[in-house]
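Heads up: the sequence shown at position 61 corresponds to 61 in UniProt numbering, and the numbers run straight through without jumps.
Everything labelled a hint here was simulated from the structure, so no lab data went into it.
Errors might be hidden in some of the hints.
[Stated by the list, open to error] Pairwise CB distance ranges, derived in the manner of DEER restraints:
#1 Ser52 to Gln28: 34 to 42 Å
#2 Lys57 to Phe25: 29 to 37 Å
#3 Pro35 to Tyr65: 29 to 37 Å
#4 Ile34 to Met54: 18 to 26 Å
#5 Pro35 to Ile64: 30 to 38 Å
#6 Ala46 to Ser101: 17 to 25 Å
#7 Gln28 to Leu96: 29 to 37 Å
#8 Asp7 to Met54: 19 to 27 Å
#9 Ile34 to Thr61: 23 to 31 Å
#10 Lys57 to Gln33: 33 to 41 Å
#11 Phe25 to Asn105: 27 to 35 Å
#12 Glu29 to Thr61: 36 to 44 Å
#13 Thr61 to Gln21: 33 to 41 Å
No residue lacks a Cβ here, since even glycine has one placed at the ideal position from N, Cα and C.
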Amino acid sequence: MKNPTVDTTLTERTIEWNMPQEMKFSVQEYISQIPHNPAIYTDGCAFTLNNSHMKYKLPPTTRIYTAGLIALLEAVEQIESLEINNKHSVICSDSLPALNSIRKNRKRTQ
1 MKNPTVDTTL TERTIEWNMP QEMKFSVQEY ISQIPHNPAI YTDGCAFTLN
51 NSHMKYKLPP TTRIYTAGLI ALLEAVEQIE SLEINNKHSV ICSDSLPALN
101 SIRKNRKRTQ
């Protein structure tokens, strides 16, 4: 797997969103500008791909941060298992701490 690009620019726009519909539209609009296939959405320790929802049972002592990292890992593994031959797949996550950890680790390995 190549080093991922972690883009958190949508977090800068959250003040503009008053309604969940505005946020959903902005996210979909933003993603549509990126050539990709597929788009995977993570939430906690679950992800959605092509209308299929996968959820993972974790111990009750699991921290939210860890659940977010596990969901991202599972999403990456799912993309790899699909053997997609394009350059971009998009994983959308609401776990900013997990995304920031990936970004920091990426900078250290470059």
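Each hint tested on the structure:
1. Ser52 and Gln28 have their C-beta atoms about 18 Å apart, which leaves the hinted 34 to 42 Å range violated.
2. For the hinted restraint 29 to 37 Å between Lys57 and Phe25, the CB-CB distance of approximately 33 Å keeps it satisfied.
3. Hint check: Pro35 to Tyr65, Cβ distance near 31 Å, so the stated range 29 to 37 Å holds.
4. Take Ile34 and Met54: their Cβ atoms lie about 22 Å apart, and the range 18 to 26 Å holds.
5. A hinted range of 30 to 38 Å for the beta carbons of Pro35 and Ile64 is consistent with their spacing of about 32 Å.
6. For the pair Ala46 and Ser101, the supplied restraint of 17 to 25 Å holds, since their beta-carbon distance comes to about 19 Å.
7. Against the hinted window of 29 to 37 Å, the Cβ-Cβ separation of Gln28 and Leu96 comes to about 19 Å, which falls outside the hint.
8. At about 23 Å, the CB distance of Asp7 to Met54 agrees with the hint of 19 to 27 Å.
9. About 36 Å separates the C-beta atoms of Ile34 and Thr61, a value inconsistent with the hinted range of 23 to 31 Å.
10. At roughly 36 Å, the beta carbons of Lys57 and Gln33 sit within the given window of 33 to 41 Å.
11. Between Phe25 and Asn105 the beta carbons are some 32 Å apart, a value that agrees with the proposed interval 27 to 35 Å.
12. Distance hint check: the CB atoms of Glu29 and Thr61 are about 38 Å apart, consistent with the given range 36 to 44 Å.
13. The beta-carbon spacing between Thr61 and Gln21, approximately 35 Å, falls within the hinted interval of 33 to 41 Å.
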